[in-house]
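A.B. asks: Single-letter residue listing:
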Amino acid sequence: MKWGALKELGILIAIFLLVWGGFSYYDYEEFKNPFSISAENEAELSKLMTEYLMTDFEVIQNRSLDSSLQIITNRLLSNLDSAQYEYKFHLIDNPDVNAFTALNGNIYIFSGLIEEVSSADELALILAHEIGHAENRHVVEKLVKTIGIEVLFSIITGGDPVLISELSKLTISTSFDRLNEEEADDFALRLAFDSQINPRRLAQFFLKMKAKHQSDLHEKLKFLSTHPLGNDRIKKSSDFLLPDDFNEKPIPLDWEMVKAYLD
Amino acid sequence: MEYYDLEQPNELSKKEKEDAMGAYLMMFAAIGAGLPLPIINLIASVVYFFVQKRNTRFVRFHSLQSLWSQVPTTLVNAGAMYWTLQIFLFDNLETTDSYFGYLIMMVVLNLAYFAFSIVGAVKARNGKMYYFLFFGKLCYHQVYQIRDEADQTSDVNLPPKL
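Chains U and L, in that order, give the protein sequences.
Taking this note's numbering, I'd label the letters of the first sequence as residues 1 to 263.
Taking this note's numbering, I'd label the letters of the second sequence as residues 1001 to 1162.
The hints are simulated quantities; they were obtained by calculation from the structure and are not laboratory data.
Hints are not guaranteed to be accurate.
[As the list claims (entries may be wrong)] Computed list of lysine-lysine pairs in DSBU-like fashion (alpha-carbon distance at most 35 Å, straight line):
| id | chain 1 | residue 1 | chain 2 | residue 2 |
| --- | --- | --- | --- | --- |
| 1 | U | Lys142 | U | Lys236 |
| 2 | U | Lys2 | L | Lys1017 |
| 3 | U | Lys2 | L | Lys1014 |
| 4 | L | Lys1128 | U | Lys2 |
| 5 | L | Lys1128 | L | Lys1053 |
| 6 | U | Lys212 | U | Lys235 |
| 7 | L | Lys1014 | L | Lys1137 |
| 8 | U | Lys235 | U | Lys208 |
| 9 | U | Lys249 | U | Lys235 |
| 10 | U | Lys142 | U | Lys259 |
| 11 | L | Lys1137 | L | Lys1123 |
| 12 | U | Lys169 | U | Lys210 |
| 13 | L | Lys1017 | U | Lys7 |
| 14 | U | Lys2 | U | Lys88 |
| 15 | U | Lys47 | U | Lys2 |
| 16 | U | Lys2 | L | Lys1053 |
| 17 | U | Lys7 | L | Lys1123 |
| 18 | L | Lys1017 | L | Lys1128 |
| 19 | U | Lys249 | U | Lys145 |
| 20 | L | Lys1161 | U | Lys2 |
| 21 | L | Lys1014 | L | Lys1123 |
| 22 | U | Lys2 | U | Lys145 |
| 23 | U | Lys235 | U | Lys210 |
| 24 | U | Lys210 | U | Lys236 |
| 25 | U | Lys7 | U | Lys88 |
| 26 | L | Lys1137 | U | Lys2 |
| 27 | U | Lys2 | L | Lys1123 |
| 28 | U | Lys7 | L | Lys1161 |
| 29 | U | Lys235 | U | Lys259 |
| 30 | U | Lys88 | U | Lys47 |
| 31 | U | Lys236 | U | Lys259 |
| 32 | L | Lys1123 | L | Lys1161 |
| 33 | U | Lys212 | U | Lys145 |
| 34 | L | Lys1053 | U | Lys7 |
| 35 | U | Lys7 | L | Lys1137 |
| 36 | U | Lys169 | U | Lys212 |
Here the structure is a predicted model, which means the values were calculated and not measured.
Go ahead and model the full structure; you've got the sequences and the hints to work with.
C.D. replies: Pasting the structure below:
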């Protein structure tokens, strides 16, 4: 009886392991994350949102500024393989020190941030951080988590202007959670390293922001309220391990001149 | 190894057949309790088995088979719950293929368990033995094996040792 029973136990376990293993090999890619929305839906939503943001914000149209920005973004994007989106960077006339990622690879940079950073490399790191949010699809995740997938779909299909404005405000004002920030930071540091930009510039910027934030309650430092800044984040950037043969190649832009274009 | 003779359908009373059938219906206990907690099924089965402990071997066999076969199902379901919570709380909603495979395996296992329990309940109601794969043999061995004398005299009253 003993061997017969053991044999049957073996058969039983084998059946279930086979079922498990067999179904694990199936390609679930299309519904990999049950909380995300498809690329088409995101593009649709992004179109509605961009339309709203464009009327709400004043976009800066300045060729010199655009080309300066392009030098920075080109450096980053050329070192980014298999990007998920076609990135579009918009320069907004707003004194707040902020930058944010919207849907479908739209990244908004406030003129206040251009004024605040001291070099093109610093801005490049912040943009790399924002690209990190987009590449890891944090924006979609955040929206789904805060308002729910049903509401998102109703916005896509209904296009209600009030809802769209609320959604846009939500995208700008709410912060990502700590894990997402860390992921975006890691991404930014790696991308900066690949682009021959010193990743430690991020820590420099963070420290500067923090010092300013502590000295006076700077109303314009929106970047801090949407990007909660812990000491661990600063430490990670400042401790980024650079090999001895790291060849830093600063972005050849005279930042004072770029700032002057703003005026 | 020696075993007791099996009871035949015509030797069993209606009460015994119904008691044996009841063992398999314990899986509905959780639904009855209104909670989707798989552990309730297991607790109900354990209680049922102990209630029927003094009943005939036929009833004991069926309640033990129902009890043992519930253990892997409960474990797999609990595993799925644990894994899902883990993904929700710590893995930032990142799911893997093996997770989906596990979920499907869990559904298959529960369906199989459900089907076998229904068949077992019907057979028991008709006074017939029904052996699940592995668990049938295990329970037959546990219930019908003729144990040592020592086991059987444990119920006998003895005078105090003077």
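A.B. asks: Compare the structure with each hint and give your call.
C.D. replies: Each hint, compared with the structure:
no.	hint	in the structure
1	Lys142(U) with Lys236(U)	holds (24 Å)
2	Lys2(U) with Lys1017(L)	holds (28 Å)
3	Lys2(U) with Lys1014(L)	holds (33 Å)
4	Lys1128(L) with Lys2(U)	holds (23 Å)
5	Lys1128(L) with Lys1053(L)	holds (19 Å)
6	Lys212(U) with Lys235(U)	holds (18 Å)
7	Lys1014(L) with Lys1137(L)	holds (25 Å)
8	Lys235(U) with Lys208(U)	holds (14 Å)
9	Lys249(U) with Lys235(U)	holds (23 Å)
10	Lys142(U) with Lys259(U)	holds (33 Å)
11	Lys1137(L) with Lys1123(L)	holds (17 Å)
12	Lys169(U) with Lys210(U)	holds (25 Å)
13	Lys1017(L) with Lys7(U)	holds (30 Å)
14	Lys2(U) with Lys88(U)	violated (69 Å)
15	Lys47(U) with Lys2(U)	violated (68 Å)
16	Lys2(U) with Lys1053(L)	holds (24 Å)
17	Lys7(U) with Lys1123(L)	holds (25 Å)
18	Lys1017(L) with Lys1128(L)	holds (9 Å)
19	Lys249(U) with Lys145(U)	violated (40 Å)
20	Lys1161(L) with Lys2(U)	violated (40 Å)
21	Lys1014(L) with Lys1123(L)	holds (13 Å)
22	Lys2(U) with Lys145(U)	violated (53 Å)
23	Lys235(U) with Lys210(U)	holds (13 Å)
24	Lys210(U) with Lys236(U)	holds (15 Å)
25	Lys7(U) with Lys88(U)	violated (63 Å)
26	Lys1137(L) with Lys2(U)	holds (9 Å)
27	Lys2(U) with Lys1123(L)	holds (25 Å)
28	Lys7(U) with Lys1161(L)	violated (47 Å)
29	Lys235(U) with Lys259(U)	holds (29 Å)
30	Lys88(U) with Lys47(U)	holds (12 Å)
31	Lys236(U) with Lys259(U)	holds (29 Å)
32	Lys1123(L) with Lys1161(L)	violated (48 Å)
33	Lys212(U) with Lys145(U)	holds (32 Å)
34	Lys1053(L) with Lys7(U)	holds (29 Å)
35	Lys7(U) with Lys1137(L)	holds (11 Å)
36	Lys169(U) with Lys212(U)	holds (26 Å)
The structure shown violates the earlier hints numbered 14, 15, 19, 20, 22, 25, 28 and 32.
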